[in-house]
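S.K.: Protein sequences appear in the order of chains A and B. Quick note: the first sequence uses our numbering, first residue 1, plus one each step. Quick note: the second sequence uses our numbering, first residue 1, plus one each step.
Incorrect hints may appear among the rest.
Unchecked claim - Counterexamples of contact, computed for chain B against chain A with all Cβ distances above 10 Å: (1) Thr192; (2) Gly193; (3) Pro195; (4) Lys217.
Unchecked claim - Computed, partial: chain B to chain A, Cβ under 8 Å: (5) Glu67; (6) Val94; (7) Met145; (8) Ala178; (9) Thr207.
No lab work stands behind these hints, which were simulated from the structure alone. As the structure is a computational prediction, the values presented were derived from the model and not from experiment. We put the beta carbon where it would ideally sit given N, CA and C, even for glycine.
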Amino acid sequence: MSNIEQVQQASNSPILWVLCGITVFVSVLQTVLYMRQCSKMTKEARIDPAIPKEAFRVGLISAIGPALGVFIVMVGLMASIGGPMAWLRLSIIGAAATELSAANIGADACGVALGSEQYTLLCLAVSWFTMALNGAGWLLFTGVATPSLESLRNKVSGGDMKWLVVLSGACSLGIFGYLNAGEILKGVGNTLAVLTGAVSMVILVKTVCKKVPKLMEYSLGIAMIIGMIFAVGYDQLFM
Amino acid sequence: MNEKELMKQWKKDSIRIGSPTNILAALTAFLPVIWLCTTYHCWPPVSTILTAWGMVAASFGAFYFVEPISYYAALGMTGTYLGFLSGNIGNMRVPCAALALDVTKSETGTIQAEVVSTMAICGSIVTNLIGTTSAVIIGGAVLAMLPEFLVAGLTKYASSAIFGATFGNFAIKYPKIAVFALLIPVVLKMFTGLPAAAVIVCTVFGTLLIARVFYQKGMLAS
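Just chain B, with the same shape it has in the complex:
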């Protein structure tokens, strides 16, 4: 098989695994609440649930679409299924996949890149599961032992530092684009009252547009 056929096969297999598992997880996530209501006879009125659903959709609804679209280029097809089932996309999945592509010198768009980013994301999911599961078992005891500044550091700054580091890693390749990628959202957030989802859309598409102009003018070193 040539690369093109392999890629076709890869995508077919990805959908066959990812689509049913993501939909299944959406459904099984309701099991605990169904058990709760049945056991304790505390079914809430449908209108209350709908009100709550409306409120939560008003806060996060746009992200259901904006995030998968924006992350798609970085995650690829398999990565999108994996990432949106296991979560922690910005702080774990994308950084791990991007680093693995660098370490193995895999080129975006090749079958090797697909395998590499998938394996890296799988590795990070294993670590995450160990983390959450051990938090259940020993979490309280460990937290009581850690000095306070360390706990504060991890809860307040771990995300900032990993976001910064990942941005730095992408910025090495495209420093000119990076300037705009950071400037657009900072300005939008400081000077406009745009909702978060709109800021993401403007940032991603604004950056993409600038990248296109630079690319066409040959201003990007390849």
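Looking at chain A on its own, in the form it has when it is part of the complex:
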């Protein structure tokens, strides 16, 4: 058996689904526990029970668009790192780009290219160690330091609730400004997607959703589709 076949076979072993499933299960467990905490708090704080349900639905619906993107990326990633690992890495922290970089870095450390004939089971192990170690960075930091982040936020806001609201908005704008800057610098297609996505959202929220509040739930999905149509249209016409 060639190295490539060996690596392919090992990374698609049936038992791996179970082993990867354990971590996916931890994520599911956390989600279920937090939903229970929400329903408990809804009762204690006498929040209208319709509100958390509505919020859950908004999350469920608005994630469909981005999840379709993840779906496709996942199929690509399955080809390069195997089904079970792709499922594990994209179900928990990790974007395809990060995981592919980590897998590549692992191969680099062995002095070979990912997926080449020289990429042995030992190199595969290095790639997998690299992905797990990298992911652990975020998980351990948030697992340990999140309460300190809360104190940090309280310190920065100084107890001024109005400023806390502005602060949260400004932080979000900053981080999305950064994410958008990265997209804009990729090229005209991406810039169009960013701009039309942003403009459609503003128009939707300010006009259409005011008249039809029910549409607000779908606003993000609609804006995303409009942004994508413009970008793909540009590609079709000019590329």
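With chain A held as given, fit chain B onto it using these hints.
M.R.: Frame of chain A, contents of chain B only:
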């Protein structure tokens, strides 16, 4: 119980659930590689693993700290645990949570806002799991059926469009701050060779500083 006590209780429960699960997931993620090395007797030399770890930490290490800090204001405590375990924070978790707060007209900092953003993130995690799991089962077949431009659109532009739309949604509330939030990283990325993590830090703190000045001068409509 009053709002303050409820919030205290909420945070205590959040930590009790989130901290052990995130740490546990960091550990269980090593199970596949341990199985691989044991079954195929292919334990790599420790030095190779350390080299790879060093290389990956050089590329992403700063993000382990910068991202949780920068996203904290948008995600809150529960959202931080959920978001950093399930990933897809920028393109899924924050947009969903922010939209849910708008739809339910919940005010930042209240217990209702905590419940609402947590539920929205939970909803988005369910969708994501369905997405990745169905990709495993039917992914190849579906991809073969989709026209190429659609696949290209989803892989190349889905993130751009959702980032843009989410930015637009935040910009409605603070258009003046939004201008700077976009300008700072574009300029930094175009004209300086700063590493990505440093650009995030400068953008988030720069934006925060400008917001503070506007806020103190009363230039922000509330």
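S.K.: Work down the list of hints and note, for each, if the structure agrees.
M.R.: Evaluated hints:
{"no.": "1", "hint": "Thr192", "in the structure": "holds (12 Å)"}
{"no.": "2", "hint": "Gly193", "in the structure": "holds (14 Å)"}
{"no.": "3", "hint": "Pro195", "in the structure": "holds (13 Å)"}
{"no.": "4", "hint": "Lys217", "in the structure": "holds (12 Å)"}
{"no.": "5", "hint": "Glu67", "in the structure": "holds (7 Å)"}
{"no.": "6", "hint": "Val94", "in the structure": "holds (7 Å)"}
{"no.": "7", "hint": "Met145", "in the structure": "violated (12 Å)"}
{"no.": "8", "hint": "Ala178", "in the structure": "holds (5 Å)"}
{"no.": "9", "hint": "Thr207", "in the structure": "holds (4 Å)"}
Checked against the numbered hints above, the structure violates only hint 7.
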